[in-house]
Amino acid sequence: MIYSLIGYYSLIFGLIFGLFLFYLSYKNFKNSILLDNKIIVFSFLQFFFVIISFLSLIFSFVVSDFSNVTVFNNSHTTKPLFYKISGTWGNHEGSLLLWLLVLTLFIFIFLVRAKNQSVKYRILTLVFQQVIIIGFFIFLIKTSNPFNYLFPIPNEGLGLNPILQDPALAIHPPILYLGYVGSSIIFSSVLAATTLKMISSSWASHIKKWVLISWIFLTLGILLGSIWAYYELGWGGFWFWDPVENVSLMPWLALTTLLHCILVLEKKSVLTSWVIILSIATFTLSMCGTFLVRSGILNSVHTFANDPERGLFILIFLFVLIFLSVFIFFLFHKDDGRNSYNFFWMSKETSILLNNWFMMYFLSVVLIGTVYPIFLDVISSQKISVGPPFYHKLLIPFLIPFLLMMAIGPKLKWIKSNLDDKLYLISLFIISILLAFVILKNFSQNILINTILISSALYLFFITLRDFFVKKYKKISQNIAHFGFSLLILSILFNNLFSSEIITNLKVGETFENSETKIVFESINQKKEKNYNSIVANFNIQNSKGEEDTFSPELRIYNQPVIATSEADIKTTLMSDKFIVINIVQNQDFFNVRYQVKPFMMWIWLSVILISIGGVISFYKK
Amino acid sequence: MYGRKVKLRFLFIVLILITLILSVFLILKALEENVVYFQSPTEIKLLSELNKNKIRVGGMVKKNSISINSNEVNFIITDYKNEINVSYTGAVPNLFEEEKGVVAEGFLKDRNFFSATKILAKHDENYMPPEVKEALGEK
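Top line first, the protein sequences correspond to chains A and C. Numbering of the first sequence is given in our numbering, commencing with residue 1 and proceeding in unit increments. Numbering of the second sequence is given in our numbering, commencing with residue 1 and proceeding in unit increments.
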């Protein structure tokens with residue numbers, strides 16, 4: 001009760017401080033010799049009140065204060081403490097409060113850290129950020145207040161969806177949001193810099209840190225979600241081209257492109273329009289992600305209560321922001337040719353430009369695949385879905401030149417360049433093709449496209465691998481990231497090609513056998529925990545080499561809410577994962593069993609971590 | 001006639017245009033081939049001809065209709081006006097139960113028989129896919 005009160009009024013205070021900040025910025029902007037200390041204090045206070053509000057929501061969850069509607073809807077007294085806390089952002093209201101928390105935190109850090117920048121620029125960035133922050137305050141207070149009362153006070157809550165009760169998913173939203181919201185700083189800063197006409201290489205090296213931070217967190221956030229989907233949803237895959245996944249991939253693609261452009265801008269003062277547009281696009285796509293996921297338009301685990309008012313608000317807010325930024329872009333940004341200079345076909349600039357176009361193509365494919373079903377539903381009420389074949393068909397052919405370019409591009413010099421050691425580049429290419437062919441020679445289907453794909457990924461792999469040893473490589477961060485990417489593509493390809501799967505229905509005591517695998521369903525036993533009961537099934541699985549493994553996948557029936565979930569049993573080794581998941585079909589003796597052997601699963605995760613390590617190194621590099 | 005620079009720029013613009021047209025064409029073509037339509041049992045009954053494309057069927061699992069053997073799960077999807085028999089080989093999601101909403105993806109054998117390749121998972125007991133809700137006429 002008291003926590004809700006504190007939380008709610010802290011939000012109001014935060015909003016009021018936001019309005020004050022507008023006023024102070026206006027006053028300070030006119031005589032801008034020094035940054036008014038009050039601005040920093042006030043933006044700290046704003047952050048402080050949001051954190052108070054956030055903490056009081058956490059406390060409400062911890063003490064199971066069911067007079068709070070949000071707590072009632074998403075918590076339960078028998079839930080472990082860890083999931084009571086993570087339940088705070090496992091719902092619509094709480095997760096928006098988390099957005100707001102990160103928004104205010106980042107602008108405060110920005111103000112403190114950007115001491116060397118001009119005062120006008122800092123103030124203007126603050127103003128643009130406050131537009132976003134105040135928009136979120138109003139959204140939160142008006143349409144999704146996390147502190148609504150419930151009377152009479154119920155004794156027990158409705159509980160959190162059990163599939164969200166998972167360590168990876170507990171930290172997935174905060175990490176992802178750090179990435180999403182980090183792009184808001186880039187957005188505000190790019191608008192400020194455009195208005196003040198100070199988009200230059202020194203600005204680029206200042207904003208690069210923010211791009212890297214949000215890129216690293218976004219990458220890790222997507223990774224966590226993917227790992228979670230792999231072991232919790234029981235489909236045995238890591239990416240399903242589900243709209244909700246796509247929605248996080250799109251800002252990532254834009255942000256990755258932006259990262260490359262920023263590096264060029266830092267060195268050469270070109271591609272300014274690209275940088276501005278990509279910064280706007282990244283944040284807009286992050287907002288779109290929130291809109292699509294939260295409004296209930298997309299059909300998935302992330303879809304909470306379906307409230308049209310919320311969707312409408314975010315939509316209008318989004319349009320205001322897009323309109324504002326496009327307006328600023330056209331009004332203030334004049335590419336007057338001052339910085340334009342010629343570069344030749346064989347140069348680093350060209351290869352980065354090509355990279356941009358490729359990335360934009362990938363982005364538009366994902367965008368169309370995600371939005372088209374919604375669009376069609378609105379205009380013709382036809383229900384359709386777009387599945388993996390669409391994406392594979394459109395993305396894979398373009399991945400091949402993309403990979404080759406990634407290998408050659410970094411070797412080129414600025415402005416004009418000749419490739420050195422052509423002989424070695426060509427010989428490595430031939431080796432890659434031969435190797436890919438050897439790997440795939442026993443493989444019948446789609447041999448041509450697979451060979452080409454694997455050889456181009458191998459090519460990137462070898463070239464980046466060699467660069468670690470050859471010279472005192474200055475661009476270690478870039479090399480690690482590109483190496484990680486080649487490893488990622490290779491692992492995904494091998495994982496796809498060499499996975500095997502058995503799906504069958506078995507009764508206790510029965511055995512399934514084919515030429516390679518023997519699955520014995522030995523027994524079941526029951527287990528009772530505080531918040532769920534479970535059936536543990538015991539399997540003994542033997543492969544053609546005679547290796548034996550015992551597996552005990554679980555079927556959990558949570559008591560609050562009553563939902564059954566399957567807990568896969570996964571035996572992970574460096575080279576391959578064995579994955580088994582069971583399910584029960586209503587009132588029948590049969591268990592539905594799915595057994596998969598998935599090679600290089602581990603490497604998919606490791607390579608993504610490697611990619612983000614590249615980002616971390618770049619962040620700390622002077 | 002024209003300077004080298006103008007020619008180059010012209011070439012560049014033409015190249016970009018061609019790329020754009022090509023990629024739009026590719027995307028639309030792929031969309032056309034790979035889109036999966038959603039249909040209710042009643043809509044299937046009214047089909048004038050069966051197409052061979054993959055579709056999704058949604059509705060409720062009829063009471064007492066699930067039967068299972070070692071390699072197949074059979075059940076009936078109903079929208080309370082019409083129904084369709086489904087046979088399925090594959091993994092079953094957690095919330096697959098009688099008298100609950102379901103979406104099956106696969107191929108029509110005839111107007112009464114559907115061979116499913118995938119049953120879509122739902123994650124929330126109270127959650128009903130919008131398509132199913134509409135197919136059931138907001139029941």
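I should point out that these hints are in silico values taken from the structure, not numbers from a laboratory. None of these values were measured; they are calculated from a predicted model. Hints should not be assumed to be uniformly reliable.
To give an idea of the interface, some chain A residues facing chain C are shown, with a C-beta separation under 8 Å as derived from the structure [as the list claims (entries may be wrong)]:
#1 Asn148
#2 Tyr361
#3 Ile379
#4 Gln382
#5 Ser385
#6 Gly387
#7 Pro389
#8 Phe390
#9 Leu394
#10 Ser499
#11 Thr565
#12 Ser566
#13 Asn583
#14 Val585
#15 Gln588
#16 Phe590
Even for Gly, the Cβ is constructed at its ideal location relative to N, Cα and C.
Of all the hints given earlier, name the ones this structure violates by number, lowest first.
1, 3, 10
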